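Chemist: The task is simple: from the sequences and hints, build the whole structure.
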Amino acid sequence: MPPILRHPGLWPTLAVLTVLCLLVAAPLATILGETLGSAAWAEVLASRLSRNLLWRPLATTLTIGVAVAAGCLLIGGFLAWLVTMTDVPFRRSIGFMATLPFMIPSFATALAWGTMFSNGRTGGAGGMLEGLGVAVPDWLAWGIVPVILVLIAHYYALAFTVISAALSSVNGDLIDAAMMTGASRRRIVTGIVLPVVTPALLAGASLAFAGAVSNFATPALLGLPVRMQTLSTRLFGMIEIGQTERGYVLAILLIAVSAVFLGLGNRLLAGRRSFATITGKGGRGRVMELGRARWPLCALALLICLVTTILPIILLAAASLAPMSSALFSDWTLHYWIGEADPAFARGLAGILHNPQLLTALGVTMGLGISVALAANAVGLVVAVTTTRWHLPLLTGAATQLSFLPLLLPGIAFGAAYIALYGAPIGSFPALYGTPLLLALALTAAMLPFAVQTGRATVAQISGEIDEAARITGAGFLRRLWSITLPLAAPGQIAGVLLIFVSVIGDLAIVVLLYTPATPVLSVLSYRYASDGFHQFANAVTLVILILSIAATLVAQLLRKRQRNAA
Amino acid sequence: MRRSLTSALALLALAAPLSAQNIDALDAAALLPLAQAEGSVTVYSFTSRIGNVEEAFEAAYPGIDMIGFDMSSTEQIARITSEAQAGLAGADVIYISDAPVVLTDLLAAGLVAPYVPARLESVLDERFRSPLLAQRLSTKVLMYNEESYPDGAPVDNLWDLTTEAWTGRVIMVDPLQRGDYLDLMTEIVLQSDAMAAAYEAAFGSPITLDEGVANAGEQFIANLFANDLVLVGSTDDVNAAIGALGQDAAPIGFTSYSDRRDNEDEGWALQVANDVVPANGIVFPALLAVNPKAQNPAAARLAIDFLMGDDSDTGGAGFAPFYVAGDWATRSDIAPHPDAIPLEAFNGWIIDAETTATIRAEVADLILTLQ
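These protein sequence lines map, in sequence, to chains X and S. For the first sequence, our numbering assigns the number 281 to the initial residue and increments by one for each residue that follows. For the second sequence, our numbering assigns the number 3 to the initial residue and increments by one for each residue that follows.
Bear in mind the hints are in silico, worked out from the structure with no lab data behind them. Just so you know, these numbers come straight off a predicted model, no measurement behind them. If a hint is listed, it holds; no wrong ones were tucked in.
Pairs of lysine to any residue residues, derived as SDA-like cross-links and limited to a Cα-Cα distance of at most 25 Å, are as follows:
| # | chain 1 | residue 1 | chain 2 | residue 2 |
| --- | --- | --- | --- | --- |
| 1 | S | 295 | X | 710 |
| 2 | S | 295 | S | 30 |
| 3 | S | 295 | X | 701 |
| 4 | S | 295 | X | 708 |
| 5 | X | 841 | X | 568 |
| 6 | S | 295 | X | 716 |
| 7 | S | 295 | X | 707 |
| 8 | S | 295 | X | 709 |
| 9 | S | 295 | X | 797 |
| 10 | S | 295 | X | 715 |
| 11 | S | 295 | X | 796 |
| 12 | S | 295 | X | 706 |
Modeler: Written as structure tokens, this is what we have:
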């Protein structure tokens, strides 16, 4: 028997690979198959169209990705350090508020940007600033600068979540030891803290990069007036006008490019495997004293949080109450929330709470959010454990790459791929189209990278010694997973479940092609209102999503606190 | 179980002798009991006004639940294709624009089928009866801000939009994201002769084409994009940009004539530029079709019959949501809206969907190279 067949990790790895193939590889293979031998390849890669179809959007996309990743590391890392390692005032509030931006759908933040900064280029009275007599130049109102800033404001929360989870698990004993032996504060940061959180830093940067690269709503809203295109807006446009094959080719190229970048990140992570520091014992981190910098840093952190959370929420709320978007703070009415249908107002549309679909959508959205969050996290943790514990040639690499692939897939392409594969009956297996299962599967697959990344960041720090000890005393793989890995990974996992829950309930791109009248979701409802010009109703529904997200965040906070108390 | 079986059999017995052709010949009175037995009808609609139709329909025909879904034409096309693949019945009635794609992708593939209520044969032009029934005509035309330009439209020739006076001040929806706007660009290419004549009228000399440009229409599109054309995501963004009150020199752009009806609600001053050579844009049909595999075939036909309006001057309750200035009924017996320019006097090109479909993809490619 060749040694590989006796490898203890063979069967878990194969099982993981099978699941990943069904969820990720098969839909991708379908779109690959549909473009095979198509003229679209030549048109995209080498024709008079290539420059505008591929190269320029590609350059823009990569610039945005790199800039957003860097910005998110800087801001997310700074806030995470402040909250977990220092004696800055209002740590709890900062920590809570720093996770909020991710709960606000990026299109809401982009709209809020427009409310502030838009200028005469799209006519009208411009935004609030122009209203106050400040001339806003085009580069600040539209294009790559605002897109990068809005995306940083959205995704830094991801970096913060991942980095602060890692920082809060830095072993206090190590720092104590360093302090006792007289190491300087700076030496502790560069010598202990940074190396330990490097996986989390890379994870945060990768997540932000991938998110920024495939984000659709923000570049579509803020880039279009200066005709800036990214690969995902290009791709959306192609699918919109029925040139699906070109769209698929673009999707495949986008995946390839991002795979190279994220692959680099993985390689860095894989090359440094000596971070195991959590041993299940050891004290919690020690607080670093900031001294005179305490209050200025606190003010800076609060400012960042306010501008990226409270401000967009205020603008959203005002916009759900104001009849005219040009006068956001006057003539407020609750009609858009609770009004009865009135032919003379808002084209006879009743408030959202009178929309019979709202309740159904609320149920479907919650159901999807919870089930997808749990399913994706379960799969993600198993993938993380399997791929960090064992390194089988080819198989482990394939599983890792597959689990990250969905990140690179623009949601709209993902939806299209799922319809292409699971939309029609496969043999005696009925079509999933029109069932919530199709939505749940696609969303689970799309959220896997988040789940795997949270899993890995935590698992990579769990010492192999305990696991080893358990294995020697005869505990099986599942047993060890359940009684060692899971409890140790739990704090990270709660963060992960929350992250996925809010991503699912705020997702539009994936569900917009997959939902059916029988399975309405809130984000689509909001999008419908918005696309018909009923912005107030759209904002109201977006606020409902926001309230759900905040409630989920509070529940997660509570759970974490109880867990900490129990420990 | 037995009861549901019996009622299913009864329904089958009722419906069995009715082949598609037979059912097409029934009038509303004959359709009603069949539709009531079916109990409901699902409509995919490209306009939110389906909500108003729903109420009126259920008031007129109690016992039949109309379930309206408002989704863009592009999305409907994707959805109907997916549903056919999955073997789902989906919608009974399809109410859609984007005729060039509907005819080539849906009708030709047998995913939608024509239905024209027999009572309307005499009041509908042949072009509105086939290949699919057209309920009304809608527009994508040049509009301006009448508060900003009280003396009328600031341009009288499409070529004006390519001059320095309008650099960075012409607004429209990205034609690569919305089919209607691609149809508009396509029509301009199809009307190249008229565009060439208009060029001469504007600048006094015959048009010279750039290298690689095939005709006057393409040249116009190239010049328009080169003149820092502003693209936005939806018609409402165009409306807000050009229509908002309080602008000294508002931009100009292409949008729907009928959106003028929202001027008061939204604080706009939209007005159509009708005196423009060679034309101010396109006029295109809103189509009604049935699903050939509809679950509720009788209710589907009854709904279409209702949407086409009754025999009163304004089309009655079924047509009321569409009896607005800027939409023209296809029925010759419905009086033109008093506040709108009548179709005969309107300066837009009426598109021919089949011709548009032949070069639409080429025009899309041209625009792609310009963006």
